[in-house]
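Chains A, B and C are the protein sequences, given in the same order. Each residue of the first sequence is one higher than the last, beginning at 1 in the numbering used here. Each residue of the second sequence is one higher than the last, beginning at 1 in the numbering used here. Each residue of the third sequence is one higher than the last, beginning at 1 in the numbering used here.
FYI, nobody ran anything at the bench for these hints, they're computed from the structure. Since we're looking at a predicted model, the values are computed, not measured. Errors might be hidden in some of the hints.
What the hints assert, rightly or not - Think about it this way: if two alpha-carbon atoms lie no more than 25 Å apart in a straight line, the pair counts; the simulated SDA-like pairs of lysine to any residue are:
#1 K94(C) to M264(B)
#2 K177(B) to H4(C)
#3 K5(C) to V196(B)
#4 K181(B) to V272(B)
#5 K176(B) to I93(B)
#6 K97(B) to I10(B)
#7 K176(B) to Y11(C)
#8 K9(C) to L251(C)
#9 K90(C) to R199(B)
#10 K94(C) to V272(B)
#11 K177(B) to K90(C)
#12 K177(B) to K9(C)
#13 K94(C) to P185(C)
#14 K90(C) to V182(C)
#15 K8(C) to L182(B)
#16 K90(C) to A19(B)
#17 K156(C) to S103(B)
#18 K176(B) to M106(C)
#19 K97(B) to K8(C)
#20 K176(B) to H4(C)
#21 K97(B) to L3(C)
Claimed, not checked - Which stretches of chain C does chain A cover? Using the computed rule of at least three CB atoms under 8 Å from a CB of chain A, they are:
#22 45 to 56
#23 209 to 220
A virtual CB, placed ideally from N, CA and C, is assigned to each residue, including glycine.
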Amino acid sequence: MMKKILLTALTAVVLLLSACGSDQVTLQVFNWGEFNHPDIGRMFEEEYGIAVIIQHYATNQEMYARLVHQGGDFDVLFPSDYMIERLILENRLAPLNWDNIPNIFYLHPYFETLPFDPQRTYHVPYKWGMFGIIYNTTMVHDPVYSWSILWNDDYAGQIYMYDAARCTLGVALKLLGYSHNTRDITELHAARDLLLEQRNRGLVRAFQGDLIRDSMIAGGAALATIYSGCAWWMMGENTDLNFAIPVEGTQFFVDAMVIPATSTRQAEAEKFINFMMRPDIALLNAEWIGYSTTNRAVLDMLPDYWRNSQVYWPTDEVFARGDMFRDLGDFRQEYYDAFMMVLVGG
Amino acid sequence: MKKLFAYPYIVWMAIFIAAPLLLVFYYSVTATDALGNTYFTLANFRRFFSPFSPDMVQPFHERIFVVVALRSLRLALQSTLICFVLGYPVAYIMTRKEYSEKSVLLFMLLAPMWMNFLLRTYAWLTILERNGLINNLLGRLGLPMFDILYTDAAVLLGMVYNFLPFMILPIYTSLKKQDPKLVEAAQDLGAGQLGVFLRVVFPLSIPGVVSGITMVFMPAAATFIIPHLLGGRQYFLLGSLVEMQFLNIGDWHFGSAVAVIMMMMMVVSMVVLSFFDKGGENHGRGTVI
Amino acid sequence: MSLHKAVKKLYLGLILFFLYAPILVLMVFSFNASRSRGNWEGFTLDWYRVLFNDPQIARALRNTLFVGVSSTVIATTIGTLAAVGIDKLKRGSKTIVMGISRIPVMMPDIVTGLSLMVLYLFIIRTLGVGRMGMGTLLLSHVMFNVPYVILSVTPKLRQLDANLYEAALDLGATPLRAFVQVILPEIWPGVVTGAMLAFTLSIDDFMVSFFTTGAGVQNLSILIFSMARRGVQPQINALSTLMFLAILAMLFLIHWRDKRSEKRLKERMGL
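With the sequences and hints as input, model every part of the structure.
In structure tokens form, the structure reads like this:
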């Protein structure tokens, strides 16, 4: 008797779950917070009659958890290079049908061949940037060219570090002269200890994500590690801010549009990706987000001071300081653990 | 006949209250090996209480997750204490003659809770920032800077701010219920104002205080938003740990173990508090509104 | 004595100031011309215009209200019936059922949220159908609301005269009619309190929603959280200003009506 009731109830729950899960044809787009122009969804819908719901995430890991652990029903994602590499290795992406994406014609030659998907089977690059240091010129009197300034006691309590394991460990690894893709545990632990030392010496004001932006604009700290695209936008808001890419080397990243293998609306998703690559739309996005574009037509349309900026479009010499994060495989957990130790302190 | 209404509810309870907790417990005592086989283990709990990596020798209280747990407990206790010290007088004043007719006061105390909790916490950033509102004001007055953002003082402030009403309201309810004749009787018997308060009013309000404590302590120990926004993630608490395991790293087994530890803390604190609260009128948040 | 009163007044004033300071800040910043929280660049009403043209916020608001209203209706129904049923149980089983019902009230939100997520994903994986989304979000809200309804209705049931129902049956009423016409009016205030509580909790919830929603379903608090990490956009401040004022107005209205009906009642009773 009890069993029967339980079974009926369970079936009812499942029916309710599936009934509300997916009904009409709506594209589910999962992007970084604020990294598309707010009108994009409506414009696409008006043009193609396909509704779009755009949701946001804050980290690659959150996107992965929502997609994989929670079985999220998404159609277009915007993960970073190393995350795409992981998704490809785990067979979670659908190969793209290029007939539906003619606007790939506008892809800038820089991004034709990228190490995480060399044949460009699964991705369309969307934006790119480099990790560096933003600083307030009224507060920082030393030249900023090296990560080591983040360990300078003159700026104790005035430094924001980025709230992401790989970025922040990457800074310490580069400063130590190691690769930010190292799988050597002693190298990683040396980086961890360097960050712990930085924290224990009272240098770090906080580990923050994008909240750094508002605070730096308001003059809340002297130095912060941040991505070039954010820095470019912040420099527009506060002219005291400047951005440097350290000589020890840094992360160069590309975020790209991909379609998960679980998507049941691949043709529509490809239409959306094509739409995002169309120069007028890509320009709208590029100007909104401040991150460097991957679209050569857009690069030509942007104002001169954008194109000529060392922050928006670095020279080859500066560009060469960057290299990409690679997927770490089983070693991933070590990075999480090391960074957790830094966050907890002690 | 009416008893029949209870059975569907018992099924509901089994599915939505018991089953989820049992599943969390199940995850906490299992692990998955490289081949995807699940096996029974206590490793998740052992990991919580062990040094961070096998090469480290650490005294118990310096082990990373123990540090997190102790820090959560300390901040939760401190914020509960501050809420009590700040909140009791408010509840007391509200029941005094000159205010007891003004239900608008009660209403004003409740109204902020209808503003989204995240936004209210977020607004504190604007207020406390180094160039924020307080420091702007202090600067104009030529006073030194007041920089507490990203310290445990800011985390405490966030907790007290968010949970203070949950302390005031149950105390207010229990004070309000007291028969004024008791106070008069005590006064007739020659007790002074302080004596009346200590011997009559306060002891009778203890159920409210207990209810207030439970409603501040547990949410404070479990929050991850407040340390995240106001602590600059340097005040990593148990809630942050759970969130990170489930929504970032994806280690459900360890995350569940931390959740089980949190629930055990809850049970222990409730048992302790139940010694003070013989009346058993603990309705949790229900007493608030 | 007047000093005493002044101290009390000052103290209450300070506490209220503490509680309202961030809200005032939010409201003021909804009129800030800059997109950044860092700068004050003058007064504007632009964000209110942006707000009404933002499909994402509109959808999130719709979801919030939909989940709020439906979970309140469902939870109030389940909770009221359950309370009636529990009331008739034997003493022992009653204590157990009430004890378990109280768990979600005492449990930290984050544990409620993650344990429900684990349950849903377990069911979905075992049976291979369904997805997390609006369905799971709604179920979760019903789940954490039901106990509050039960806890509000139970005290009213205790005050109820057990003979009323029997008398109605003796007079030939069907059990359903007896319930609707005799019991329900008696426990109605408890039902209303429970429903209001449920609605408030549902609207304000973040943690449980965060864990149990799925692709494409965002309510206001999830949206705000995803923004909070990127810098809250001023149109959200505009929205919360409007919502706060609306709720304030509504509550004042209720309060004022209560006052008036109280007065009328007193008059009628010749007081």
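Outcome of the hint check:
{"no.": "1", "hint": "K94(C) to M264(B)", "result": "holds, 24 Å"}
{"no.": "2", "hint": "K177(B) to H4(C)", "result": "holds, 24 Å"}
{"no.": "3", "hint": "K5(C) to V196(B)", "result": "holds, 19 Å"}
{"no.": "4", "hint": "K181(B) to V272(B)", "result": "violated, 32 Å"}
{"no.": "5", "hint": "K176(B) to I93(B)", "result": "holds, 11 Å"}
{"no.": "6", "hint": "K97(B) to I10(B)", "result": "violated, 46 Å"}
{"no.": "7", "hint": "K176(B) to Y11(C)", "result": "holds, 19 Å"}
{"no.": "8", "hint": "K9(C) to L251(C)", "result": "holds, 24 Å"}
{"no.": "9", "hint": "K90(C) to R199(B)", "result": "violated, 39 Å"}
{"no.": "10", "hint": "K94(C) to V272(B)", "result": "holds, 24 Å"}
{"no.": "11", "hint": "K177(B) to K90(C)", "result": "violated, 30 Å"}
{"no.": "12", "hint": "K177(B) to K9(C)", "result": "holds, 23 Å"}
{"no.": "13", "hint": "K94(C) to P185(C)", "result": "holds, 24 Å"}
{"no.": "14", "hint": "K90(C) to V182(C)", "result": "holds, 23 Å"}
{"no.": "15", "hint": "K8(C) to L182(B)", "result": "holds, 23 Å"}
{"no.": "16", "hint": "K90(C) to A19(B)", "result": "holds, 24 Å"}
{"no.": "17", "hint": "K156(C) to S103(B)", "result": "holds, 23 Å"}
{"no.": "18", "hint": "K176(B) to M106(C)", "result": "holds, 24 Å"}
{"no.": "19", "hint": "K97(B) to K8(C)", "result": "holds, 12 Å"}
{"no.": "20", "hint": "K176(B) to H4(C)", "result": "holds, 21 Å"}
{"no.": "21", "hint": "K97(B) to L3(C)", "result": "holds, 16 Å"}
{"no.": "22", "hint": "45 to 56", "result": "holds (count 3)"}
{"no.": "23", "hint": "209 to 220", "result": "holds (count 4)"}
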